[in-house]
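Start from the sequences, fold in the hints, and give me the full structure.
Number of protein chains: 2
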Amino acid sequence: MPLDRRERDFLEDTLPFWKKLTPEQQRSVVNGSGERRFAPGEMLHRGAVDCAGLYVIESGQVRAYSISETGREITLFHLFERDVCIFSASCMMKDIRFSIYMQASEDTRTILIPTPIFRQLNQDSAAVSNYTNSILSSRFSDVMWLLDQILFTSMDKRLAQYLLGHFDENDGTALQTTHDEIARDLGTAREVVSRMLKYFQSESMVKLSRGRIELADRKKLENTAG
Amino acid sequence: MPLDRRERDFLEDTLPFWKKLTPEQQRSVVNGSGERRFAPGEMLHRGAVDCAGLYVIESGQVRAYSISETGREITLFHLFERDVCIFSASCMMKDIRFSIYMQASEDTRTILIPTPIFRQLNQDSAAVSNYTNSILSSRFSDVMWLLDQILFTSMDKRLAQYLLGHFDENDGTALQTTHDEIARDLGTAREVVSRMLKYFQSESMVKLSRGRIELADRKKLENTAG
Chain A
94 MPLDRRERDF LEDTLPFWKK LTPEQQRSVV NGSGERRFAP GEMLHRGAVD
144 CAGLYVIESG QVRAYSISET GREITLFHLF ERDVCIFSAS CMMKDIRFSI
194 YMQASEDTRT ILIPTPIFRQ LNQDSAAVSN YTNSILSSRF SDVMWLLDQI
244 LFTSMDKRLA QYLLGHFDEN DGTALQTTHD EIARDLGTAR EVVSRMLKYF
294 QSESMVKLSR GRIELADRKK LENTAG
Chain B
94 MPLDRRERDF LEDTLPFWKK LTPEQQRSVV NGSGERRFAP GEMLHRGAVD
144 CAGLYVIESG QVRAYSISET GREITLFHLF ERDVCIFSAS CMMKDIRFSI
194 YMQASEDTRT ILIPTPIFRQ LNQDSAAVSN YTNSILSSRF SDVMWLLDQI
244 LFTSMDKRLA QYLLGHFDEN DGTALQTTHD EIARDLGTAR EVVSRMLKYF
294 QSESMVKLSR GRIELADRKK LENTAG
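Chain order of the listed sequences is A and B.
Number 166 in the numbering used here belongs to position 73 of the first sequence; there are no gaps in the numbering.
Number 138 in the numbering used here belongs to position 45 of the second sequence; there are no gaps in the numbering.
Mixed in with the good hints there might be a few duds.
Capping the alpha-carbon separation at 20 Å, the derived lysine to aspartate or glutamate pairs in EDC-like fashion look like this [stated by the list, open to error]: (1) B:Lys187 with A:Asp235; (2) A:Lys113 with B:Asp217; (3) A:Lys250 with B:Glu162; (4) B:Lys112 with A:Asp217; (5) B:Lys187 with B:Glu151; (6) A:Lys312 with A:Asp261.
Now the in silico label distances, taken between C-beta atoms and shown as ranges [as the list claims (entries may be wrong)]: (7) B:Arg305 with A:Gln269: 54 to 62 Å; (8) B:Lys312 with A:Ala282: 27 to 35 Å; (9) B:Gln213 with A:Lys112: 45 to 53 Å; (10) B:Ser247 with A:Thr266: 36 to 44 Å.
Simulated from the structure, these hints should not be mistaken for lab results.
All residues carry an ideal CB built from backbone N, CA and C; glycine is no exception.
Written out as structure tokens, the structure is:
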């Protein structure tokens, strides 16, 4: 089913190359694309086995992560409204030699431009290819930031920064989460997070209870975050 | 001074988009580019302060690295003959939000296509922009591999793999290097490397002397490398 007027307008508004496409190219996108919805926890992309195409996110949130051979995860970046999943079309880029997984963190509505259509646009249009470059650069920058954090920031600082960020995203004083989830986001082992949280509690920075972390002393936690 | 016949042929042979350029575009490259030579230790690119353009390496070797706020280095990748430094033109990509440094590891001869010329080609030609994509993807893959190593491989494994690789690049039995240099390549502290090397020596895997590491038991070292 081709895109309706609202969906077409959303793409025109979101994709900077839209106005540089020929009418024929625009038609190929409108006729070939479709809406895809994902429930929380549902996968948009599972590494090399998938290559559906370019997802343009209308609403919701997507977590992109990498998995080690031993099954450990590290969160690479998050995508929000008007962001674009380029790695879900990564089979069209032969020099991508890594696998990324993408999972909806909440109810997520997307428009999918299938790989064959996007591949053709990318080959024919410098504007589309320039856009692919800018998306790749932006995700590359996310990963370089993460690499820098992992290499050069000690785990107590990283955890303190993580907690402060998540307190602020919630009501500012508490958050519901598991040590497992934090470990996954920080790319470390659960034991490391548990040990550090206990230390934070012993220093009266936070209070721990089952599935819940409460802020006890913001000043102290901010000092640790540096 | 425009490129001579040999240099032009080298570009034609190395850059997959060359034949898709218009005669005018080819002329702009030939007339605007020039050879640049670098002695070992000389910098090709120093983060945001430089933006000379695309270096195409004719011969030699270049190390690309990142520097933390506290001055620590991590080697990201190496470039060899016929590789291309895209980050030395990264000011043309506004979504690159990180700094990379590039240093000649040996005598290095390059052809420099200045940023204004390459930017124009990249804007006008889908073939050039596709090439930029493939270079970016390839470097992105290098960094993802590194991230995986750092997160999911313990330092003893990484050091053993590093030593085996470097023994093999040399005569297979010894290498001249400092603990500092290894630490920089692995993105860790010199003390960590020194401690681990002493452990390797105590296990009879290697023999240490000033500025030199000798292979003592390849089998054991390979077991550690996993």
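Okay, the hints, checked on the actual structure:
no.	hint	verdict
1	B:Lys187 with A:Asp235	holds (14 Å)
2	A:Lys113 with B:Asp217	holds (12 Å)
3	A:Lys250 with B:Glu162	holds (15 Å)
4	B:Lys112 with A:Asp217	holds (16 Å)
5	B:Lys187 with B:Glu151	violated (28 Å)
6	A:Lys312 with A:Asp261	holds (14 Å)
7	B:Arg305 with A:Gln269: 54 to 62 Å	holds (56 Å)
8	B:Lys312 with A:Ala282: 27 to 35 Å	holds (30 Å)
9	B:Gln213 with A:Lys112: 45 to 53 Å	violated (21 Å)
10	B:Ser247 with A:Thr266: 36 to 44 Å	holds (38 Å)
Of the numbered hints given earlier, the model fails hints 5, 9; all others are met.
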